[in-house]
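Q: Listed below are the residues making up each chain.
2 protein chains.
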Amino acid sequence: MSFVVKILGSNSAIPTIKRFASAHVLNVHERFFLIDCSEGTQIRLRMEGVKFLHINHIFISHLHGDHFFGLFGLISTLSMLGRKQALNIFADERLRAILDTVLNTNEIGFQVIVNPLNFKETNVILDTNALTVTSFPLKHRIPACGFLFKEKPKQRNIRKEFITTYNLSVKAILDIKNGADYRLSNGEIIPNSVLTVVPKPPVSYAYCSDTQYYEKIIPIIKGVDLLYHEATFTSKDEKLAKATGHSTGEQAAKIAKAAEVGKLIIGHFSSRYKNNDGMEAEAKKIFPNTQALKDGDTFVLNSQ
Amino acid sequence: MSFVVKILGSNSAIPTIKRFASAHVLNVHERFFLIDCSEGTQIRLRMEGVKFLHINHIFISHLHGDHFFGLFGLISTLSMLGRKQALNIFADERLRAILDTVLNTNEIGFQVIVNPLNFKETNVILDTNALTVTSFPLKHRIPACGFLFKEKPKQRNIRKEFITTYNLSVKAILDIKNGADYRLSNGEIIPNSVLTVVPKPPVSYAYCSDTQYYEKIIPIIKGVDLLYHEATFTSKDEKLAKATGHSTGEQAAKIAKAAEVGKLIIGHFSSRYKNNDGMEAEAKKIFPNTQALKDGDTFVLNSQ
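Going down the list, the protein sequences come from chains W and D.
Using this note's numbering, the first residue of the first sequence is number 1, and each one after it goes up by one.
Using this note's numbering, the first residue of the second sequence is number 1, and each one after it goes up by one.
If you're looking for bench data, these hints aren't it; they were derived computationally from the structure.
Just to be clear, a hint being listed does not mean it is correct.
Put simply, identical chains are the same to the list, so a pair is met inside one copy or across any two.
Calculated pairs, SDA-like style, for lysine to any residue (alpha carbon to alpha carbon, straight line, at most 20 Å) [as the list claims (entries may be wrong)]:
1. 274 / 124
2. 154 / 167
3. 51 / 258
4. 139 / 106
5. 18 / 49
Quantities reported herein were computed from a predicted structural model and do not represent experimental measurements.
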């Protein structure tokens, strides 16, 4: 099962010519999960070759414009492309009224379902065959949630040579994948550990933006393979970070270290800095496996 | 007085990597008038080097998303850039509720005034020292207006040599610009026609999108220097054009010819065509001075 995170936009509030505002897309075996949807996200999706109609779930962390102003255009375009299937959005319940008002003068040919987020506690908000998605409270100026995307444990992989050697039925294959041994006609039993190989462990990705330094998220994102944590400011602007409900590079790295994540990616950079070297440098001192994002960066967590 | 039209977006509903949706900007001596505001307009303004804070008036032809979904991000950005001055938007009165709902979770530090358009009749909606703006009804699926931007007649230009030769006072210069003769101390009168040169005639620009073929606009846009008329389809799709409230290249050219305009520019092209040669070619047969738009095209009507 492929599990790939692509960065559509890495800037904070104001988009620039080189950087769009917040939007990530998670590709789980060609099913696309959109995380935040800043203005121009539909253009970025097109640039990255993502098939629009394969997006069925959108997660909006909070209702600041740089995280959701791209929804209107994307929904309109999906409709013009002929979409009929319902679209599930997970967001602040106030998004319902916003969408109804904005899309009122436009013709939308499919159902847009807004699933309200709970900003008080951690909740599993989606559970599919492939993954679970958990929302958890962040600490920002307005209600905001982070999202944890966790691949489901995979079935054991059957060794292909056994399928042909013993001419296994579909039922037998499924049983073996689920852990059964196989009994030959002569009564001999081949144990499951011989028939199968251990699958790769499930991978996970957490998205934390926008938030100030907030230790309560650490147990929730513990051990994720990839953590996106906003780092709007450098430490010299730490007071400003706190006042505006944002984090510094150093603070993002402290969270990553305490949560023992595999890799930290940082973004949502303020336009006040000439470049993002400051945020990355101070984060790396605490958590070396840190990367400052650029639009288009891609992280393959599992290519199976 | 400079009078320059710049095309920010030339596509119809669905933006592509190369073309944004409808937005033009008129620069009258570094005061900017934004006409329609599709998703990504703030990015396009940045690409074209337009100073955001010099935009005081925005004209929204109608409330289909490809003509106004960029407003939310632009208004948010103007606020983050520290704007305090009120912003005047001319639009369907329903925009008021839309802006209130969408911007509710964001902090906007200036007043946004929505001046309701009248979709039943022609109205002068803005009258400054430099120009008048007139709105007029178009014929589309929902209420839509076109806009006519007309430079004011300019004062006569005084010949510079007279200012030094006769050491003219400021009052005398203003009087002469307004048409007065000048009396020398010896009683001799120098007629205004000698003192001044005739200024360039005032220029005008009309914006007509979205609309089906609609002859009632012809007297309103009569003789404009530059006409933008949508041409979403080619003539082979004329029935579709009518059904969707749009025009063909041929129809745009018929309007331009009947209105005896200086130049016709066409845009709002449907993505169904590989390129826009079809619309341009059929228009040129009827009105040779036609140009199919690309994003970034610029038309200098007056460079004084």
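Q: Give me the numbers of the hints this structure contradicts, sorted from smallest to largest.
A: Violated hints (numbers, rising): 1, 2, 3; every other hint is consistent with the structure.
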